[in-house]
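Number of protein chains: 2
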Amino acid sequence: MALIVQKFGGTSVGSIERIEQVADKVRKFREAGDDLVVVLSAMSGETNRLIDLAKQINDQPDPRELDVIVSTGEQVTIALLAMALIKRGVPAVSYTGNQVRILTDNSHNKARILQIDDHKIRSDLKAGRVVVVAGFQGVDENGNITTLGRGGSDTTGVALAAALKADECQIYTDVDGVYTTDPRVVPQAQRLEKITFEEMLEMASLGSKVLQIRSVEFAGKYNVPLRVLHSFKEGPGTLITIDEEESMEQPIISGIAFNRDEAKLTIRGVPDTPGVAFKILGPISAANIEVDMIVQNVAHDNTTDFTFTVHRNEYEKALSVLENTAKEIGAREVIGDTKIAKVSIVGVGMRSHAGVASRMFESLAKESINIQMISTSEIKVSVVIEEKYLELAVRALHTAFELDAPRKGE
Amino acid sequence: MALIVQKFGGTSVGSIERIEQVADKVRKFREAGDDLVVVLSAMSGETNRLIDLAKQINDQPDPRELDVIVSTGEQVTIALLAMALIKRGVPAVSYTGNQVRILTDNSHNKARILQIDDHKIRSDLKAGRVVVVAGFQGVDENGNITTLGRGGSDTTGVALAAALKADECQIYTDVDGVYTTDPRVVPQAQRLEKITFEEMLEMASLGSKVLQIRSVEFAGKYNVPLRVLHSFKEGPGTLITIDEEESMEQPIISGIAFNRDEAKLTIRGVPDTPGVAFKILGPISAANIEVDMIVQNVAHDNTTDFTFTVHRNEYEKALSVLENTAKEIGAREVIGDTKIAKVSIVGVGMRSHAGVASRMFESLAKESINIQMISTSEIKVSVVIEEKYLELAVRALHTAFELDAPRKGE
Numbered sequence: 001m002a003l004i005v006q007k008f009g010g011t012s013v014g015s016i017e018r019i020e021q022v023a024d025k026v027r028k029f030r031e032a033g034d035d036l037v038v039v040l041s042a043m044s045g046e047t048n049r050l051i052d053l054a055k056q057i058n059d060q061p062d063p064r065e066l067d068v069i070v071s072t073g074e075q076v077t078i079a080l081l082a083m084a085l086i087k088r089g090v091p092a093v094s095y096t097g098n099q100v101r102i103l104t105d106n107s108h109n110k111a112r113i114l115q116i117d118d119h120k121i122r123s124d125l126k127a128g129r130v131v132v133v134a135g136f137q138g139v140d141e142n143g144n145i146t147t148l149g150r151g152g153s154d155t156t157g158v159a160l161a162a163a164l165k166a167d168e169c170q171i172y173t174d175v176d177g178v179y180t181t182d183p184r185v186v187p188q189a190q191r192l193e194k195i196t197f198e199e200m201l202e203m204a205s206l207g208s209k210v211l212q213i214r215s216v217e218f219a220g221k222y223n224v225p226l227r228v229l230h231s232f233k234e235g236p237g238t239l240i241t242i243d244e245e246e247s248m249e250q251p252i253i254s255g256i257a258f259n260r261d262e263a264k265l266t267i268r269g270v271p272d273t274p275g276v277a278f279k280i281l282g283p284i285s286a287a288n289i290e291v292d293m294i295v296q297n298v299a300h301d302n303t304t305d306f307t308f309t310v311h312r313n314e315y316e317k318a319l320s321v322l323e324n325t326a327k328e329i330g331a332r333e334v335i336g337d338t339k340i341a342k343v344s345i346v347g348v349g350m351r352s353h354a355g356v357a358s359r360m361f362e363s364l365a366k367e368s369i370n371i372q373m374i375s376t377s378e379i380k381v382s383v384v385i386e387e388k389y390l391e392l393a394v395r396a397l398h399t400a401f402e403l404d405a406p407r408k409g410e
Numbered sequence: 001m002a003l004i005v006q007k008f009g010g011t012s013v014g015s016i017e018r019i020e021q022v023a024d025k026v027r028k029f030r031e032a033g034d035d036l037v038v039v040l041s042a043m044s045g046e047t048n049r050l051i052d053l054a055k056q057i058n059d060q061p062d063p064r065e066l067d068v069i070v071s072t073g074e075q076v077t078i079a080l081l082a083m084a085l086i087k088r089g090v091p092a093v094s095y096t097g098n099q100v101r102i103l104t105d106n107s108h109n110k111a112r113i114l115q116i117d118d119h120k121i122r123s124d125l126k127a128g129r130v131v132v133v134a135g136f137q138g139v140d141e142n143g144n145i146t147t148l149g150r151g152g153s154d155t156t157g158v159a160l161a162a163a164l165k166a167d168e169c170q171i172y173t174d175v176d177g178v179y180t181t182d183p184r185v186v187p188q189a190q191r192l193e194k195i196t197f198e199e200m201l202e203m204a205s206l207g208s209k210v211l212q213i214r215s216v217e218f219a220g221k222y223n224v225p226l227r228v229l230h231s232f233k234e235g236p237g238t239l240i241t242i243d244e245e246e247s248m249e250q251p252i253i254s255g256i257a258f259n260r261d262e263a264k265l266t267i268r269g270v271p272d273t274p275g276v277a278f279k280i281l282g283p284i285s286a287a288n289i290e291v292d293m294i295v296q297n298v299a300h301d302n303t304t305d306f307t308f309t310v311h312r313n314e315y316e317k318a319l320s321v322l323e324n325t326a327k328e329i330g331a332r333e334v335i336g337d338t339k340i341a342k343v344s345i346v347g348v349g350m351r352s353h354a355g356v357a358s359r360m361f362e363s364l365a366k367e368s369i370n371i372q373m374i375s376t377s378e379i380k381v382s383v384v385i386e387e388k389y390l391e392l393a394v395r396a397l398h399t400a401f402e403l404d405a406p407r408k409g410e
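Chains as they are written, first to last, in our numbering: chain A, 1 to 410; chain B, 1 to 410.
Watch out, some of these pointers could steer you wrong.
It does not matter which identical chain is used: a pair holds within one copy or between any two.
Stated by the list, open to error - In silico lysine-lysine, DSS-like type, Cα no more than 27 Å apart, as pairs:
| # | residue 1 | residue 2 |
| --- | --- | --- |
| 1 | Lys87 | Lys55 |
| 2 | Lys165 | Lys388 |
| 3 | Lys87 | Lys110 |
| 4 | Lys55 | Lys28 |
| 5 | Lys110 | Lys28 |
| 6 | Lys120 | Lys194 |
| 7 | Lys110 | Lys120 |
| 8 | Lys221 | Lys55 |
Derived from the structure by calculation, the hints contain no laboratory data.
Isolated chain A (complex conformation) (with noise of 0.2 Å):
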């Protein structure tokens, strides 16, 4: 008998007919002998509603009092479904942050989690009922609503899987599972069956948005399976994990992530002087603008470029902000490029095999697409292409790495 946490979004509890299917897979379970916790976020749409009553009342809402309207989203679906497991004869009940207790710091509307108390799950979970608990929310210290920030119900439920110290944490989405790349770009694209902490932050990160990058880092801090697995469809899906058997099979990359959210600035001729890097980043950061990759060369003739990339959203505010800083730095111009896209190999067998990251740009120069950027971490290599290349390079590489064909051990 395992004690499981089962997380399902807003997709999957987006309606009444949607919550009757949960409850029916949740039954099965039950039926099966599992102890089971049971997460859910809002249901789809719902969060943006209540945030946009807030928004018609002021366009800046106070974060206390938003966190008090967001946080009844998830009060809603989980006594709809402790109501619908009651109807099927299964012993439920339903919590709010607040009565779990899932006690956070008092950072509204992006609250961490500092402890969740046990207690009254555990106590119900030994009488034979179902705990059902509403993701994305919890309470400071003195009473306070507080909710976790978009998605946060992944980190719920991870969070609550470390403190019961389940055997599996699932995440149930509208996807069947993590494939070595977006299978709608590369139809040959492989579900796998396992895959580690690390890699998938790095495939999370790099815009294979299948989990909440937060609840990855989570499960791995506290070494808690994670299973993604789709909401209606059966299967086993991807089992993400730690890094057990570093075995001569392991394939080298695992997968394949791209992302085209992004746009790339150069500041040219920069005075090659200590301190002109935070000269440059500072300004952007200070206007709130997120920095993917950095680029910085070598420099020549006592100047140097510095190349960044930021979403392509504050593509006009990082550019102005560029010039400004090019003028008192004595910079030479500012260029830059909305149409790039961003193409990454990751996979924790690299560490112990030299030449993947050549092999990635033989491939890539075979199809004679040019690389603008190249960055490397230890089990990934990111490239930036001109955007129209995006899916030659993708299948190109998916190719090359041999994850076409059904992989080994699966």
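Here the structure of chain A is known, so what remains is to put chain B in place on it, guided by the hints.
Just chain B now, kept in the frame of chain A:
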């Protein structure tokens, strides 16, 4: 500087515009120097929407879980009002029933308030904040969310006023006070400046649905001065208070209430033996049918007739129960009538005035209105008449008891 509890109902907070108007009103009071606790209902229609969601899962939803859902309605409005106040530069904070903490028993969907912790509210008031509290909800000693039943926000307001020893509890509604009778029936109806708790109870239970009856009882018990006011019009409203000055100038009756929602049932030729009333009403009560008036006259020929009224919606059900009973106890026949109306005169003044009832009967006789049933209490006389005479009867009585003219002392 007074401490005032203000309660706004669902219509008063039914849209963002209305909530902004309430915020303007609250700000004015605050700027005048009063300490304010504001109690809110859910937006009109929202509670029904939430109940409907629950009923889509189960016609008889689990009571605990229903409270979890339904309580979100007020949780949204309190935060919206707090935001609107903060936007206006008025420091404000919202609290759910659980956050206050309003402790209730565990009768879900119809809980009763046991105790209110005034600690947080007092410290907020001291800090100059307007405190916005969710009406209609509380929490039991195990932390389960409870609701007080439909319309319970009035009760929350009165209970808070009692706990805080507030100077006044103001109930904002869609009428500008309590009238001598329904102005739609008698255009000369007058707004009462004052009315006693007892009179208000009789008026409310008889169909002048301005205030929730439980809140009036509660206010009377704890002697909380209640004031009924219009949410969006200026005016002093009607003060409901204890009967301080039983002066000569006090009118004999304060108002005329009426009700067309009832139906009458008579069981005839009942053997006149002890216990027969219970044999008749026992099965009615067991069928969860509420009975209003009950009349039994003295027996003749060892049989008696027994008449009572029920809500018109329950007439058919009551009729079938009563026909079974008639067979069992050997009664002659069962007859009924749904085309009836009840008219009542209410006033503490009648205690010290003889002949009030006969004056009532006289003025009805003058209009040739036949009286079918009569029942009396210390401060009211009710009669049942044929429904079509209702307006005529109310107007005749309004004139007979001198309620048409502006009254002395106003």
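So, going through the hints one by one against the coordinates:
Taking the closest pair of Cα atoms, lysine 87 and lysine 55 come within 27 Å of each other only across two copies (11 Å); inside a single copy the shortest separation is 37 Å, beyond that limit. Proximity of lysine 165 to lysine 388 under the C-alpha cut-off of 27 Å is found in neither arrangement, the shortest distances being 47 Å within a copy and 72 Å between copies. For a Cα distance limit of 27 Å, the shortest separation of lysine 87 from lysine 110 across copies, 22 Å, qualifies, whereas the shortest one inside one copy, 35 Å, does not. In the homo-oligomer, the alpha carbons of lysine 55 and lysine 28 lie at most 27 Å apart only across protomers (23 Å), although the nearest pairing inside one protomer, at 41 Å, exceeds that limit.
For the homomeric pair lysine 110 and lysine 28, neither the shortest alpha-carbon distance inside one copy (35 Å) nor that between copies (34 Å) is at most 27 Å. Taking the shortest alpha-carbon separations for lysine 120 and lysine 194, neither the intra-copy value of 33 Å nor the inter-copy value of 51 Å comes in at or below 27 Å. For the identical chains of this complex, lysine 110 and lysine 120 are neighbours both inside a copy (25 Å) and across copies (25 Å), given an alpha-carbon limit of 27 Å. Within a single copy, lysine 221 and lysine 55 get their C-alpha atoms no closer than 36 Å, and across copies no closer than 42 Å, so neither meets the 27 Å cut-off.
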